[in-house]
Every structure is written in structure tokens, then in C-alpha cells.
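Turn these sequences into a full structure, and let the hints steer you where they fit.
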Amino acid sequence: MTTNIELRIPNEKPYHGVARLVVGGLAARLALSFETLEDLQLALASVLEADGYAAGDEICVALDVTDDRIQMSIGPLRGDTVRADLDAAGEETIGLGRLLGTLVENVEVEKREDGDWLRFTKAVRGLEPIEDHA
Amino acid sequence: MPEEQSGRELLRRYHEHGDTEARERLIEQYLPLVRSLARRYSYRGEQLEDLVQVGCIGLIKAIDRFDVDRGVELTTYATPNIIGEIKRHFRDKGWAIRVPRGLQELNVRLSHLLEELTVQLERSPTIPELAKAAGVDEEEVLEALESGQAYATLSLSAPAGGDDDSDLDPLESLGTIEHEYEVSENRAVLAPGLKVLDERERRILHLRFFEGLTQSQIAQQVGISQMHVSRLIRRSLEKIRDEIAPEPEPRRRASESRR
Numbered sequence: 086m087t088t089n090i091e092l093r094i095p096n097e098k099p100y101h102g103v104a105r106l107v108v109g110g111l112a113a114r115l116a117l118s119f120e121t122l123e124d125l126q127l128a129l130a131s132v133l134e135a136d137g138y139a140a141g142d143e144i145c146v147a148l149d150v151t152d153d154r155i156q157m158s159i160g161p162l163r164g165d166t167v168r169a170d171l172d173a174a175g176e177e178t179i180g181l182g183r184l185l186g187t188l189v190e191n192v193e194v195e196k197r198e199d200g201d202w203l204r205f206t207k208a209v210r211g212l213e214p215i216e217d218h219a
Numbered sequence: 142m143p144e145e146q147s148g149r150e151l152l153r154r155y156h157e158h159g160d161t162e163a164r165e166r167l168i169e170q171y172l173p174l175v176r177s178l179a180r181r182y183s184y185r186g187e188q189l190e191d192l193v194q195v196g197c198i199g200l201i202k203a204i205d206r207f208d209v210d211r212g213v214e215l216t217t218y219a220t221p222n223i224i225g226e227i228k229r230h231f232r233d234k235g236w237a238i239r240v241p242r243g244l245q246e247l248n249v250r251l252s253h254l255l256e257e258l259t260v261q262l263e264r265s266p267t268i269p270e271l272a273k274a275a276g277v278d279e280e281e282v283l284e285a286l287e288s289g290q291a292y293a294t295l296s297l298s299a300p301a302g303g304d305d306d307s308d309l310d311p312l313e314s315l316g317t318i319e320h321e322y323e324v325s326e327n328r329a330v331l332a333p334g335l336k337v338l339d340e341r342e343r344r345i346l347h348l349r350f351f352e353g354l355t356q357s358q359i360a361q362q363v364g365i366s367q368m369h370v371s372r373l374i375r376r377s378l379e380k381i382r383d384e385i386a387p388e389p390e391p392r393r394r395a396s397e398s399r400r
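Which chain is which? The protein sequence lines are A and B, in order. The opening residue of the first sequence carries number 86 in the numbering used here; numbering runs sequentially from there. The opening residue of the second sequence carries number 142 in the numbering used here; numbering runs sequentially from there.
Check before you lean on any hint, since a few could be wrong.
Not close to chain A: a few residues of chain B, all C-beta gaps over 12 Å, as computed [said to hold, decoys possible]:
1) Glu190
2) Glu279
3) Phe350
Computed from the model, here is a short list of chain A residues facing chain B with C-beta under 8 Å [said to hold, decoys possible]:
4) Ala113
5) Arg183
6) Thr187
7) Asn191
8) Asp201
9) Trp202
Hint data in this document are derived by calculation from the structure and do not stem from the laboratory. Think of the CB as a built atom: it goes at the ideal place given N, C-alpha and C, for glycine as much as any other residue.
Structure follows, in C-alpha cells:
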């Protein structure tokens, strides 16, 4: 079973915090470890807060949760800029490629109707079914 | 309105005849305006009375600079002055968003619990586990962790903010084990954008993104708390982004004109 969460926000810094909180809320519901949450939030920030990635004034963050992984898609983005940064994996630089390579898996840029989206997954072991923890 | 007329009258008395009593009365008269503007910002955790004081400075500046012959109301002229003064106050304190003390304390508590639970469980704890150990809701944990973000943007040179808990000092544990590590580790991360980082920040980024160590492993190796490692990583990446970012102005202006 897949659970989908989608968030559309203005591409402005104060709203990036909203996206971070949504990821946090999901991590709490799924009982992800603090470190997994940190990885997801850092990966998200490395895309949202980078200058010149977003293609418009709004940006969408989509989360697909299955039994053993979380897939995050962010877009629409300027695919060329993102691809260039992903490929510029110099030995001694901390670019998008190295960041995402450390934090998440299966990083891909995909074409959609409204532009390019960056998609990656995070494997999470033994996800508990979503319960009402409150 | 008679009150506004008397406001204009008072302004004339002050500006044309140097009547300082008229100035005092103007300040009193417009205090409710300052108060209502200050209230808008006091949710950020700053004491309302402090903000009223700060806002009054803006009001006084507006009264002093007001041009009686121009057809605008003092309210119109003073409002941006008052808000400007309040915003400057926040900037000067170094807090993008003032974090309420309760959340600051919870953040410190969570930092300790994170260490304890990581050892106890032999893995990184979950948010529900942290919440249970702290005796608070999961939402509060998330909020406190998020408040750590506002804190993380504090520059090292910013004033400590008066009565803040010493645990929150950004210079926490600075200079303890710093200089003991191998120079070779430091050599790797010298690419453009990384020069803005200090030695410890570079070392932590190296361990995380080149050696693939986890936050808790880095915390052990560097001898600081895991939460502190987390903050330093975020802040370092932010610094790098700021350093290598192209001129951000056009986009900002575009989004502002949209409002």
C-alpha cells in the first residue's frame, strides 16, 4: 500500500520550514529514527534552499510512503541546473550530487508535464503501520 | 475627527513653536498604535513591553521628522517607522525568529535525551521515543527541533541574547578537541565555497559526506553532542549555499512585487 502526501508552497524560505515540519510529522507517525529524519530534511533543504533550482514561484513536495521506503519528489525545477549540479561531483566538493548521494538513494531527474522534478528514495527498515500515536 | 485635528495641532505646536509638551502629548496619543503594532510581533517570544519601548523610538523619530505641510496623516507616516524599528530590534538580537524559552529548554533537554537513548537503544531513537522520554507530545518535539533551526542561523559572533541558557551558547564546547585531528582530513574540503567554514565545520562535513559517518559517530569522534553536530552540519551547508549562490536579488524582488 502506498500513502501519498503532497504539499504545494510558495518558494520562499519561511515556507520551506513548513515542508520540513511535514517531513517531521510523517517521521513521527512512521516512527522513523532521528537520523533518518535528519537525512530526509537535509536532502529536502539541499534542493529547496539552493538558489536557482525552482522553476516558478511555487514548489511542490510529494512524499510516497510504502512498506520499506519513502520516495520524495520535488518540482517543478530547472532540470538543467539541477542535473549540472548532480553531475559536478568533484573529488573535493560538497555539491548536490555528494549530498544526496550520502543522504538518500536513487536520485533521478524526471520530466513531467509541468517541468523537471527531482526524485529520490530513502530506504527505511521495518516501517510500522501508521497509527494514531496521539 | 477632532482627535486627529488636535494631533495636527499638536504637531504644529511642536514643529513651529518647539513646544515639547505637545510632543509628549503626541507620544501618549499614538501609544495605542505602537502597542497594536508591537502586539503583532510579540508572538515571536519577545516581551510585549520591550517591543512597545522599541516601537516608541520609531514613533518619536516619526514625530520629529514629520512634515506638517504634507497632506499625510501621522498614523500613515509613523506606522512604517515603528515597524522598521521593531524589525531592526529583532535583527540586532540576531534571531531571525525569537524562539520561546519553553521550546529552547525542550531543545536542550532533547539534546541530552538523544544521547541517552542512542546509547540505551543502540540505535537512533524515533520521535515518539523522544517524546515519551521527555514527557511531551510528538508535535512539541518537532516544534522544539524546528526551533533549533532558528537557533542554528545564529552567527557565532552574535551576542548571546542575555538570559539564555548557557547550554545554548553557540560557542558550546568550541576549542576542546578541535586541534587534535589529523591535518590530512582537513585537506580534502577546500573547494570553492568551503573556505567560509572554520576547521571544525570542515572536519564535520568531511566525516559526514566523505567518510560516510553518521551524526552520532561524528558526535563521539569530535566530542560534542549529536544535536550540536546536526546544527553545525546544517549551518555549514547554509554557509556554503550562501557563498556559492549567484546574485539572489532578482528572484527576491520578483516574489516581493507579487505581494
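*List in ascending order the numbers of the hints, as given earlier, that are violated by the structure.*
Hints 2, 3, 7, 8, 9 are the ones this structure does not satisfy, whereas the remaining hints hold.
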